[in-house]
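Please arrange chain B on chain A, whose structure you already have, making use of the hints.
The listed protein sequences derive, respectively, from chains A and B.
Be aware that the first sequence starts at 1, since it is given in the numbering used here, and climbs by one per residue.
Be aware that the second sequence starts at 1001, since it is given in the numbering used here, and climbs by one per residue.
One thing to keep in mind: the hints can contain errors.
Claimed, not checked - Cut-off 30 Å, straight-line C-alpha distance, at most; resulting in silico cross-link-like pairs (BS3-like, lysine-lysine): (1) 1179/B x 1367/B; (2) 364/A x 1179/B; (3) 1358/B x 314/A; (4) 1314/B x 355/A; (5) 1179/B x 367/A; (6) 1364/B x 314/A; (7) 1367/B x 314/A; (8) 294/A x 1363/B; (9) 1314/B x 314/A; (10) 1294/B x 363/A; (11) 1367/B x 38/A; (12) 363/A x 1367/B; (13) 314/A x 1363/B; (14) 367/A x 1038/B; (15) 358/A x 1314/B.
Quick caveat, the hints were computed from the structure, so don't treat them as lab data.
Protein chains: 2
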Amino acid sequence: MAKKSHFYPVILAGGRGTRFWPLSRKRRAKQLLALDGKQTMIQQTVARLLPLAPAKCFWVITNNDLRPAMLRQLRKIPPLQIVAEPAGRNTAPAIGLAAFLLLRENPDAVLGLFPSDHVIAQPHQFRATLKKGIALAAAGENIIVLGIKPTRPETGYGYIEAGENAAGGAQRVRRFTEKPDAARARQFVEAGNYFWNSGMFLWRADTLANALLEHLPKTAAILEKIAADYGTRKFAATFRKLYPKCENISVDYAVLEPRSARGEEQSRIFCLPANFGWNDLGSWAALHEHQVAKSNPANGNKLSASGSFALNGKNNYVYAPGKFVAVVGVSNLVVVETEDALLITALDQSQDVGKVVKYLDEKKLNKLV
Amino acid sequence: MAKKSHFYPVILAGGRGTRFWPLSRKRRAKQLLALDGKQTMIQQTVARLLPLAPAKCFWVITNNDLRPAMLRQLRKIPPLQIVAEPAGRNTAPAIGLAAFLLLRENPDAVLGLFPSDHVIAQPHQFRATLKKGIALAAAGENIIVLGIKPTRPETGYGYIEAGENAAGGAQRVRRFTEKPDAARARQFVEAGNYFWNSGMFLWRADTLANALLEHLPKTAAILEKIAADYGTRKFAATFRKLYPKCENISVDYAVLEPRSARGEEQSRIFCLPANFGWNDLGSWAALHEHQVAKSNPANGNKLSASGSFALNGKNNYVYAPGKFVAVVGVSNLVVVETEDALLITALDQSQDVGKVVKYLDEKKLNKLV
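So that you can see chain A by itself, here it is in the shape it has in the complex (with noise of 0.2 Å):
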């Protein structure tokens, strides 16, 4: 078992969640929210995972427009390890430079790679899971990633195609599938050995650092350039200047993907299986979901408000805080209200109001993205 101290969680904070809009915003994305109790996405994220390691081994990858939040959420993480990307380059050169400066700290380390923004119901169990997964992954070249059990023939999630039990609950990953069409998806939840992908990976500083000097050895070099200069004056320049030139890439589409087409046996990737109430909130509608099934309130009708009353309609997630809110005959519906905007969507439609987004960025409308 690994030693407390050996384990570094790295938690990717740079996405924009424009899903939440109008609650986010550029430099409120939805991690800085508390879509779900009194924390932020990103304070819950911090805290489930502080039994497991001290606050000055955390690492948050985030960009500038959120740092200054980030800062403010966080105070307990050391500084200079609240880290902006100088220009957003998806997650494989954002986990490699994680990587490289770890291992100049401790050559024994082993990553935890968390997203920010998912809610976890039942973080003992979480934290569990974790132990065994921190165990595997430190005990040579392993890679770890946390399935999801699928409770649903979901599209907008990549699975995960599990093989050969191994030990400690895991099992060998067979292949890594793209986010699949509705029939495929049904077939996946009927096979029973698929899983969710969820973006929680475990693996040693240096078996994540030599995977990317392999498949991915350009950004790999301009990585180790930036960590040789982390700690001294030219750290900021370097950074600004190389990282932009790393490679736009996915750690699963540069790294997992061509790995496990080795086969499970060489591959040395492990799914252990995750059941703790893992929930990505990916939209209104989940949120929703996800709140009525905590709190099961009166037909179905979540309605955050200062008073409220609702006449024939159930279903409906409602947001604004200040005011009286009336429902009178209507059902499945989000409405979202903010000092300057106002949403009004189905909640099966609920997965487009990132779209809104794109059209304010487009009209320049800035004060409202």
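Showing chain B alone in chain A's frame:
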């Protein structure tokens, strides 16, 4: 033809208009709102009558909650002629009081009774019709009601059954009917000789006073006493003390129905068919329909907002003047936002908005009503 100075518009402005909540409130009833255009409903009502009578001939009957705003909005009308009823007693006492007051001022007065919260698209046509009606009313003991040619089998209005043709384009009234059910409403529309009761009447003050003395003698006696004190120091006290003793009854029920039972020859009630783009704006849905007909917005989305974006949705009414409004994948909705409240309803349920106000009344949420 009546001289101009004999015509006295009496505007009934005591209604609460709860179906326009949350915009309408106890002290800001529908007639005080600029629902359609820059002027408020009552300002429009006065403006379209001013070519027919000087401001000093106008009377407004309202209540104490609304009178302060009326005084602010109607600066041309003599303040003493904006009368607040001490208690609401329906239309018979309200217009009866006007009749007894005007009789003292001008024995040849012709009263026009007008609701304060309807729209009329063609004011020239309206005035042309009124001039004919005033002449008919001035000529003797005639009662003139403006009838609207029905355009749909509306069940929310009373109907007038017209009989024999009379002078000046009028028709004798055969019968007043209460709000019909859907089947009868369809028959009325098909029959061709039925009109909606617009609530607009014309009669000489003495004709109205005599009718009340005959059909509602107790109330008429009270109103005579109140009118006798008008202009003296005792008026306020007399009014406050006696007016609540009047019967709570509409002029339709108290006078027009019993009178019309005498037969169309004897009753001397005439319907003047009116065709001037009348709409009573009885609900958010009616307002939406009216505004869509006027301005023909894209996909029937009438969005009063500070910028808007609509995607895959049609036929919505949104009022949120200070906000950017985004509508995604929803149709046939009404959303109205004020500083302290947010209403979400379906167009075809918007007549139930009054139930929200009922709820707020019951819960004594006085700030919201």
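Evaluated hints:
As the CA atoms of residue 1179/B and residue 1367/B are separated by approximately 34 Å, the hinted pair breaks the 30 Å bound. Distance restraint check for residue 364/A and residue 1179/B: the Cα-Cα separation of roughly 53 Å exceeds the 30 Å cut-off, and the hinted pair is therefore not satisfied. For the proposed pair residue 1358/B and residue 314/A, the alpha carbon gap of about 20 Å is at most 30 Å, so the pair holds. Distance check on the hinted pair: residue 1314/B and residue 355/A sit about 17 Å apart at the alpha-carbon level, within 30 Å; holds.
About 51 Å separates the Cα atoms of residue 1179/B and residue 367/A, which puts this hinted pair outside 30 Å; it is violated. Restraint check for residue 1364/B and residue 314/A: the C-alpha separation of about 25 Å stays at or below 30 Å, so the hint holds. Restraint check: the Cα-Cα separation between residue 1367/B and residue 314/A comes to about 27 Å, which is no more than 30 Å; the hinted pair holds. For the proposed pair residue 294/A and residue 1363/B, the alpha carbon gap of about 28 Å is at most 30 Å, so the pair holds.
With a C-alpha separation of about 21 Å, the suggested pairing of residue 1314/B with residue 314/A holds against the 30 Å cut-off. Restraint check for residue 1294/B and residue 363/A: satisfied, since their Cα atoms lie roughly 28 Å apart, inside the 30 Å limit. With a C-alpha separation of about 29 Å, the suggested pair residue 1367/B and residue 38/A falls inside the 30 Å cut-off, and the hint holds. For the given pair, residue 363/A sits about 39 Å from residue 1367/B by alpha-carbon distance, which is inconsistent with the 30 Å threshold.
A C-alpha spacing of about 22 Å is found between residue 314/A and residue 1363/B, which places the hinted pair at or below 30 Å, so the restraint holds. Pair hint residue 367/A plus residue 1038/B holds up; C-alpha atoms about 29 Å apart against a cutoff of 30 Å. Simply put, residue 358/A and residue 1314/B have alpha-carbon atoms about 21 Å apart, close enough for the 30 Å limit, and the pair holds.
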